[in-house]
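Residue strings, one per chain:
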Amino acid sequence: MGDIVVLVKPALNPDMVRSKPDGTVDIDAIPLKLDDIDANALFEAQKLKQVLGGKIAAILVLTWGPADKRAKDLRMVAQEALARGADEAHIVADDSIIPGDPVTTASAVIATIKKAGLNPDIILVAEASIDQTTGQIAGRIAGKLGLPFISFARKLEVKDGKIVAERDLEEHIEVLEAPLPAVVSVTQEINEPRPPTLIQIRRAAKKPQNYYKVADLEGVATPVKQGLEYKILTVSRKQTIIEGDTLEEIAEKLISLLEQEGVIKL
Amino acid sequence: MVKALVVGSSIPEIREALGAVASVEEKVVLAYGKAAEDGSLEQLGVKVYKLKSTHPDHIVAAVEKIFNELKPEIIIGWITKNNRAALSYFAGKHDLPMPTDVTSLKIQADGLVYTRGFLSERATAKEKVPFPAVVLINQKAFKPVETSGQSEVIEITPEGEIVKLLEVKEKALSGINLEEAEIIVGVGRGFKKKEDLELAFNLAELLGAQVGASRPIAADYKWLPEDAWIGISGKRVSPKLYIAIGISGAPQHMAGVMNSKIIVAINKDKTAPIFKQADYGVVADLYQFLPVLINKLKERKK
Chain A
1 MGDIVVLVKP
11 ALNPDMVRSK
21 PDGTVDIDAI
31 PLKLDDIDAN
41 ALFEAQKLKQ
51 VLGGKIAAIL
61 VLTWGPADKR
71 AKDLRMVAQE
81 ALARGADEAH
91 IVADDSIIPG
101 DPVTTASAVI
111 ATIKKAGLNP
121 DIILVAEASI
131 DQTTGQIAGR
141 IAGKLGLPFI
151 SFARKLEVKD
161 GKIVAERDLE
171 EHIEVLEAPL
181 PAVVSVTQEI
191 NEPRPPTLIQ
201 IRRAAKKPQN
211 YYKVADLEGV
221 ATPVKQGLEY
231 KILTVSRKQT
241 IIEGDTLEEI
251 AEKLISLLEQ
261 EGVIKL
Chain B
1001 MVKALVVGSS
1011 IPEIREALGA
1021 VASVEEKVVL
1031 AYGKAAEDGS
1041 LEQLGVKVYK
1051 LKSTHPDHIV
1061 AAVEKIFNEL
1071 KPEIIIGWIT
1081 KNNRAALSYF
1091 AGKHDLPMPT
1101 DVTSLKIQAD
1111 GLVYTRGFLS
1121 ERATAKEKVP
1131 FPAVVLINQK
1141 AFKPVETSGQ
1151 SEVIEITPEG
1161 EIVKLLEVKE
1171 KALSGINLEE
1181 AEIIVGVGRG
1191 FKKKEDLELA
1201 FNLAELLGAQ
1211 VGASRPIAAD
1221 YKWLPEDAWI
1231 GISGKRVSPK
1241 LYIAIGISGA
1251 PQHMAGVMNS
1261 KIIVAINKDK
1271 TAPIFKQADY
1281 GVVADLYQFL
1291 PVLINKLKER
1301 KK
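So the protein lines, in turn, are chains A and B.
Throughout the first sequence, residue numbering follows the numbering used here, covering 1 to 266 in sequence.
Throughout the second sequence, residue numbering follows the numbering used here, covering 1001 to 1302 in sequence.
Be aware that one or more of the hints could be misleading.
As the list claims (entries may be wrong) - The list that follows gives simulated cross-link-like pairs (lysine to any residue, SDA-like), each with its CA atoms no further than 20 angstroms apart: (1) B/1276 - A/209; (2) B/1222 - A/154; (3) A/265 - B/1300; (4) B/1034 - B/1175; (5) A/253 - B/1288; (6) B/1301 - A/248; (7) B/1106 - A/229; (8) A/231 - B/1300; (9) B/1298 - A/259.
Treat the hints as calculated values from the structure; they're not laboratory data.
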C-alpha cells in the first residue's frame, strides 16, 4: 500500500513581521507557523488515505534558523501536522542548509523519503508558501525523481492506480490523468480544512516525530543562493480612522478626503 | 558571453522577458501555445523555436532540447502557471536555482543579482544566484523590447508527455481587467449574501470603479467570477484608490493590493488588521454605511 507524503513548511508568519532599526527584516525574530495551504494538503491527504490505504507522512525541512532557537516552533508545527491527520513526521533541522534554498530543500525532501523508508504513491505539496512564495518545490521534486507532475490541482481523485485532477489555470481548467506515483501541487480551493479537534490534538502528541541532520541523509545539495539584503517594505499607510457623530458626517469627510487626495472626481 | 533563453506563451510576455535580458548578447526564444501561432513571431529579430502546445511536459522537453544545444546561462519568462510548472520541473531536474516573482535583475559576469517580494509582499529580498539560472519575472516589472527584424523560426514537435490531458473546461470569467482599473471596490466576507453585493456595485458605478473580491467571495462562494479575485493567488492590482469593504485584511489578500495609491477600509470590526494597512478607515456596519455613502455621492453628483 502506498504512502502519502505531505510537505509541511514551518513558514515565517507574515502577520508577525519584525524589523531591525536599519529597516531590514529581523528574520530570527519572526515566529514560524504551519504554512497556510499545507493545511489543505493535509486535509486532502486524509481523503486520499481512505482510497490508497498506507500512511500519511509529513516531511518538514527547516529553512529558517538558527535551528536550536527554532526547536520549539518546529515541534509545534510538526505537532499541528500530526493533529491534522499525518501519522508520522520526519523533520530535517540543520544549520548547514539554513537559510533554505529551494535546490537544497527539494533534495532534502527526497533524501528524507529514502531515509525514512517511505514508499509514496502521492507527494502532496502546497502550490506556494506564504513567506517565500517561490512555488517550485513540487515541480523540483517531480523533476528530480522523474515522476508525473500535476500542478495547481483544485480537485483530486484516485482510482485504479491513477490520479485524475482538475488543474486550475489563469483562463481555464484542465482535467488531467497521471499514473501513480505522482507529485501534485494543490491550491487553497481544493477543500476547506477543519481545524483539528481536541482528540486529534491529544493523539498527535503520541505520534512519532523523527529528526534528521544532513549527515544522516544522502544527496542533500549545497545551497547556491546567496542572501544579500532583506528589507521591510515601507508603504506607510496613514491609518486614519474617520470619526464622526453620524454616518452622514463620516461619509462626507471620506468623500472630501478622497477628493483632496485626487483619487476621485465627482 | 552570456546567453539567454526566453520562454513565453504570448508576444507581450516574450517582449518583456527579452527586455529583462536586454544586455545579454545572444538571445533565443521558445514561444509556445498562443505565441506559436502568432504571426508577429517572425518580427522579433532573434532565433525563435515554436511549440504548438501548452502542456508543461512538452514545454519541459522543448526547454531541455534548447538547453542542451545552446547552453544558456539564463532561462527567463513571465510568472505564469505553465511557466512555473514546466520550469520548476526543469530546474529541479538540473538542480538550477530559480528565483521567482523577480522585480529587478542585474546580470553580472558570475551570476544574477535580483530583488523579489518576500513575506507575502511585506518585504523585499535581494539575493544572488550563480549561472545557469531560471528566472520568473513579475508581469510589467520590466520594459518590453521593441526589437524588430526577421526571426529565424524553427518548429519543435511536442513530445515527452507523461500526464494525459483529458479535457479542458472553460471558467466563467467576467472579462474585466482589474489590473488596468483606476478605482477598485473590493468585497469580502462582510457581505452576508450574494444579492447584497448590489451595494458594492452601486458604489462602483458612482465612482467609475470595477468590483474585485477577496478569496472567499470569488473562489469559495463563487458570488463573483474568478477573475475578480484579488490576492496573492488571484490578481495583483495597482489602482489609485482601493476601497475594501467587509475585508479583514488577510496577508494573502493584502499582497494583491499593496501597490494601490490610497486604501480605504470599511469594516465593523475595529480590530480588523486591514485598518493598520489602510489610509482611511471607517468603523461601521457596511449595511448601514454604504447606503449613506451612496446617497452622499449621488447628492454630490447632482
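To see whether the hints hold, each was checked on the structure:
1. For the hint linking residue 1276 of chain B to residue 209 of chain A, the alpha-carbon distance of about 38 angstroms lies beyond 20 angstroms, and the restraint is violated.
2. Of the supplied pair hints, the one linking residue 1222 of chain B and residue 154 of chain A holds, its CA atoms being roughly 14 angstroms apart against a limit of 20 angstroms.
3. The straight-line distance between the Cα atoms of residue 265 of chain A and residue 1300 of chain B is roughly 10 angstroms, inside the 20 angstroms bound, and the hint therefore holds.
4. The suggested pairing of residue 1034 of chain B with residue 1175 of chain B holds, with an alpha-carbon distance near 18 angstroms, which does not exceed 20 angstroms.
5. Annotation: proposed proximity of residue 253 of chain A to residue 1288 of chain B holds, straight-line Cα distance about 16 angstroms (limit 20 angstroms).
6. Using a Cα cut-off of 20 angstroms, the hinted pair residue 1301 of chain B and residue 248 of chain A holds, with the two alpha carbons roughly 16 angstroms apart.
7. Distance hint between residue 1106 of chain B and residue 229 of chain A is fulfilled; the C-alpha atoms sit about 15 angstroms from each other, no more than 20 angstroms.
8. The hinted pair formed by residue 231 of chain A and residue 1300 of chain B fails the criterion: a straight-line CA distance of about 43 angstroms is larger than 20 angstroms.
9. The hinted pair formed by residue 1298 of chain B and residue 259 of chain A meets the criterion: a straight-line CA distance of about 15 angstroms does not exceed 20 angstroms.
The structure does not agree with the numbered hints 1, 8 stated previously, though it agrees with the rest.
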